[in-house]
Amino acid sequence: MSYPNDRVYSQSHEWHKVEGDELLLGLSKFAVDQLTDVTYVEVKPVGTAFKAGESIGEVESVKTTSDVYCAAAGEIVEVNSKVVDDPSLLNSDPHGEGWLAKIKITDKAGLDKCVDAETYGRDHAN
Amino acid sequence: MQESPLKKFHQQHNAQFVEFAGWEMPIRYGSIVEEHRQVRESGGLFDVSHMGRVKVSGRHARRFLEVLCTRKIYDMQDGQCRYTLVCNEQGGVKDDVIVMRHDDDEYTVVVNASNREKLLAHFEQVRTANDFAAKIDDQTAKTAMVALQGPKVMEMIGKFSQEIPTLKRYRFTVKNLLILKVVVSRTGYTGEDGVEVILPTSAVDMALKLLLKDVKMDQPDAAIKPAGLGARDTLRLEAGMPLYGHELGEEIDALSTGLDFAISLDKDQDERGAAFVGQEALKKIRDNGGPARKLVGLTLDDKRTPRQGMVVRQGDREIGIVTSGCMSPTLGHPIAMAYVDRDLTEIGTELGVDTGRATLAAKVAPMPFYKRG
Numbered sequence: 081m082s083y084p085n086d087r088v089y090s091q092s093h094e095w096h097k098v099e100g101d102e103l104l105l106g107l108s109k110f111a112v113d114q115l116t117d118v119t120y121v122e123v124k125p126v127g128t129a130f131k132a133g134e135s136i137g138e139v140e141s142v143k144t145t146s147d148v149y150c151a152a153a154g155e156i157v158e159v160n161s162k163v164v165d166d167p168s169l170l171n172s173d174p175h176g177e178g179w180l181a182k183i184k185i186t187d188k189a190g191l192d193k194c195v196d197a198e199t200y201g202r203d204h205a206n
Numbered sequence: 340m341q342e343s344p345l346k347k348f349h350q351q352h353n354a355q356f357v358e359f360a361g362w363e364m365p366i367r368y369g370s371i372v373e374e375h376r377q378v379r380e381s382g383g384l385f386d387v388s389h390m391g392r393v394k395v396s397g398r399h400a401r402r403f404l405e406v407l408c409t410r411k412i413y414d415m416q417d418g419q420c421r422y423t424l425v426c427n428e429q430g431g432v433k434d435d436v437i438v439m440r441h442d443d444d445e446y447t448v449v450v451n452a453s454n455r456e457k458l459l460a461h462f463e464q465v466r467t468a469n470d471f472a473a474k475i476d477d478q479t480a481k482t483a484m485v486a487l488q489g490p491k492v493m494e495m496i497g498k499f500s501q502e503i504p505t506l507k508r509y510r511f512t513v514k515n516l517l518i519l520k521v522v523v524s525r526t527g528y529t530g531e532d533g534v535e536v537i538l539p540t541s542a543v544d545m546a547l548k549l550l551l552k553d554v555k556m557d558q559p560d561a562a563i564k565p566a567g568l569g570a571r572d573t574l575r576l577e578a579g580m581p582l583y584g585h586e587l588g589e590e591i592d593a594l595s596t597g598l599d600f601a602i603s604l605d606k607d608q609d610e611r612g613a614a615f616v617g618q619e620a621l622k623k624i625r626d627n628g629g630p631a632r633k634l635v636g637l638t639l640d641d642k643r644t645p646r647q648g649m650v651v652r653q654g655d656r657e658i659g660i661v662t663s664g665c666m667s668p669t670l671g672h673p674i675a676m677a678y679v680d681r682d683l684t685e686i687g688t689e690l691g692v693d694t695g696r697a698t699l700a701a702k703v704a705p706m707p708f709y710k711r712g
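First to last, the protein sequences are chains A and B. Residue 81 is where the first sequence starts when you use this note's numbering, and the numbers rise one by one after that. Residue 340 is where the second sequence starts when you use this note's numbering, and the numbers rise one by one after that.
If you're looking for bench data, these hints aren't it; they were derived computationally from the structure. Just so we're clear, the structure is a prediction, and the values are computed from it rather than from any experiment.
With a straight-line cut-off of 30 Å between C-alpha atoms, the simulated DSSO-like cross-links for lysine-lysine are:
1. LYS474/B with LYS520/B
2. LYS162/A with LYS642/B
3. LYS642/B with LYS184/A
4. LYS642/B with LYS97/A
5. LYS642/B with LYS131/A
Turn these sequences into a full structure, and let the hints steer you where they fit.
As structure tokens, this is what we get:
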């Protein structure tokens with residue numbers, strides 16, 4: 081499986097799918113595979129504003145706890161309640177149903193540091 | 340990096356590898372939780388070849404081990420395994436090991452991978468200081484070690500051996516596989532019944548083929564499936580078993596671990612016994628009222644999990660530290676081990692675990708968290 085090329089990937093393994101002035105944020109399959117079985121997902125509440133590179137939540141697995149970052153600055157406008165209720169969605173469909181948050185972008189500068197699917201996939205085979 | 344003699348087997352089963360104490364070992368093959376359940380409900384095969392296997396033999400072998408180990412060696416019988424600690428002079432834990440007695444002057448000591456080099460040096464130092472006639476032979480590289488754990492394991496082994504299923508817990512036997520010697524002990528680190536097997540590296544492929552002949556490992560309902568170090572960790576945590584680097588360490592005195600059954604402070608009173616390294620220091624700690632903190636189990640009614648290094652509080656007061664934690668696959672809630680002030684170790688005591696973001700409500704709980712039925 082290759083990575084979807086409709087989004088960009090950060091060093092810390094989040095994907096960002098930009099749609100107009102909003103973006104959908106999730107974790108790459110590589111990151112999820114490293115985490116192993118996800119047991120808990122927490123995203124900061126709707127309305128939370130944050131700077132580029134700030135933690136917007138955390139994901140826990142059987143093994144470890146990990147922060148989730150957004151490469152852009154923005155504000156959380158929607159949290160995927162499905163994945164909060166059933167964290168295993170993140171394992172089964174990290175690039176689809178397992179999305180974490182919808183973000184209203186206030187400054188997209190940080191997205192420049194992200195890479196495309198091909199570049200990301202070269203370094204992080206899944 | 341050191342490779343396990345089972346590497347090919349792991350690759351055939353799509354293992355994801357991790358570096359552990361200089362060894363490339365499988366952390367998991369699929370889902371850690373599924374491997375965990377497989378072991379609890381049926382059976383799992385773990386590669387534990389990274390563990391150190393050290394033969395101690397010679398005229399003074401027993402006396403030598405008596406000085407090294409916190410537990411009595413002199414009353415062991417041939418074919419017996421014994422869990423014991425090895426301490427430093429301050430009573431801190433250098434390692435926890437299994438001593439296997441072949442006979443009065445021949446033993447195998449199974450040590451943690453991360454401590455093998457350190458222990459070999461310690462053994463040599465104690466041997467020299469006491470002028471013991473004992474040989475220390477590190478057999479780790481020429482042998483492999485696998486653990487078969489789970490309720491269906493003994494039944495499967497019964498197809499090959501009548502003797503092995505009759506072994507009592509913490510007993511072992513040496514079997515001949517053609518011309519090769521295989522050591523099988525009824526021991527483990529999961530809280531399940533099962534065996535651990537030490538075999539020559541050259542016998543690995545043949546032994547696996549023979550052992551797994553009728554086990555269709557890739558079938559969903561296979562009785563035995565490969566399980567990685569990830570599941571091994573969650574299994575041992577449910578079983579309340581300590582892990583070096585978490586619950587055990589050189590800075591943690593043996594008495595605070597609660598492993599009292601493995602510490603005999605009167606070992607030197609028997610004419611066959613001897614004082615062990617660290618005994619005097621531990622006696623002093625005991626005589627001064629005991630250790631300030633003790634190891635406890637914690638359970639939480641939460642989705643978030645305590646992790647090693649998180650501070651434990653009562654109110655605002657810092658009273659302890661988490662050493663291990665996981666979401667228990669069997670119990671469905673988080674479990675943890677922590678060192679807490681000794682006046683707060685009573686079962687049911689309500690404490691808080693500080694995750695850095697929030698304080699999770701936790702209760703002191705009896706260990707093991709899980710006991711097989």
